[in-house]
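Participant: This is what each chain is made of:
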Amino acid sequence: MLLHGAFRGFAGGAREVALDAANLGEALEALVHAHPSLAERLRDEHGKLRPHMALFVNEDDARLLGWEDAPLKEGDIVHVIPALSGG
Amino acid sequence: MAKKVAVLVGTKKGLYILRGDTNRQKWDVEGPQWAPAPIHHAMYDPRDGSMYAAVNQTWGGSRIEHSRDMGKTWTTSSNPKFPEGSDRTFSQTWHIEPGHPSTPNVVWAGTEPAALFKSEDRGESWAIVQSLDDQPTRAKWVPGFGGMGLHSIAIDAKDPKRMSVGISVGGVYTTTDGGTTWTQDNKKTGGDSERPDVFYCIHKLLAHPEESGLRFMRVHEEVYWRDPNETTWRHSTAGLPSNFGFAAAMHPRDRRTAYVIPLDGMTRAAAPFGIGVYRTQDKGKSWQKLEKGLPQGAPLETLREGMHNDRLDPMGLYFGTANGDVWASRDEGESWTRIAQYLPYVTSVHAAMVE
Chain L
10 MLLHGAFRGF AGGAREVALD AANLGEALEA LVHAHPSLAE RLRDEHGKLR PHMALFVNED
70 DARLLGWEDA PLKEGDIVHV IPALSGG
Chain A
372 MAKKVAVLVG TKKGLYILRG DTNRQKWDVE GPQWAPAPIH HAMYDPRDGS MYAAVNQTWG
432 GSRIEHSRDM GKTWTTSSNP KFPEGSDRTF SQTWHIEPGH PSTPNVVWAG TEPAALFKSE
492 DRGESWAIVQ SLDDQPTRAK WVPGFGGMGL HSIAIDAKDP KRMSVGISVG GVYTTTDGGT
552 TWTQDNKKTG GDSERPDVFY CIHKLLAHPE ESGLRFMRVH EEVYWRDPNE TTWRHSTAGL
612 PSNFGFAAAM HPRDRRTAYV IPLDGMTRAA APFGIGVYRT QDKGKSWQKL EKGLPQGAPL
672 ETLREGMHND RLDPMGLYFG TANGDVWASR DEGESWTRIA QYLPYVTSVH AAMVE
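Respectively, the protein sequence lines represent chains L and A.
Going by our numbering, the first sequence opens with residue 10, and the numbers climb by one from there.
Going by our numbering, the second sequence opens with residue 372, and the numbers climb by one from there.
In case anyone wonders, no lab produced these hints; they're calculated from the structure.
Since no wrong hints were added, every one of them can be taken at face value.
Below 30 Å or equal to it, Euclidean Cα-Cα: the simulated DSSO-like pairs (lysine-lysine) are: (1) A:K383 x A:K660; (2) L:K57 x A:K511; (3) L:K57 x A:K383.
Using the sequences and the hints, build the whole thing.
Facilitator: Right, dumping it as structure tokens:
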């Protein structure tokens, strides 16, 4: 996984995390296991993924791939990106 | 060692710390920390020297940070959480308040959605005050223009079990048993209100730091005083150019003196009457404008957490504005100098006395 922008700071400066995961949900869980400080930055207290966060699998928006069910295969790169909106 | 003043300035793009010399004349500006995250409130806890900041960031969600080394390094607290099964989610922190001196590990936080959170480990973690959240009258709370938050936590000077909270728009609740039970505390004398059960909209509620039971409250278009042993709020706006405003402060020693910054209710700025700090020295019976050194007639804007005082003698008073200025008075409001400018929109000002 590649952490971008603010999320890199939330993980103590980590940029890249290598994980084994079959889908995006598992990857996020493993990411939090590796960097517990990300737990409350990725999800709210009810477990919902926070808004203003974009997840891409390689070059594809994970929302179009099934979001947390998006399948992953060896070598995929998941990008965690602070989302920008508005003008 | 002589006390100095550090002013914690929350802005819409990060936290700044203004560190003054012993005369409060020369100020060094540090920051920003966490920009571009908005800092709704930041405060210094005089009991142990900790600093706390409400970092209400879009990315990663809002959080509370604390520092044990005067702002050199910061640690993220475990977030305030609404209980499992609640239909509410912690959105942001509006105010952080040190506990009573007799409870050194206790810190309080007011949040949006409106709730009171208590930390018993100096801000490392937070738990909701369920007894307040369970009030049946919570169903009547509604958002004000800025949202629905608990923004005022007024802890009694002498009695650690006695405190009041102010909610927009939900009125005042008071506990006298340390938070086990709460009562609505909105009885008043004088003043208009469309919502007599909860006031129109409370903007700031303060407890005097030395006099038990003494309170001062800035409401949407009203100002109220309450003396010790009184059970109602006394309306008092004579002499103010506008009844509307947010910022408020109490003199830490003089039990008859308080300060407000009036704004126009529609424009939310000090127009057309111009920026000024208004002082009462008779418990709100009359108000006088203090503007020496301030830009005459300027339509500046201050927010709820925008004014605070130190506890030196003479008292220093500080306020920040939407155009990024921070103004200071070393003579209890009689005259003013600008101690910082070109900051982002100032959302909070907190004066800390440090070594």
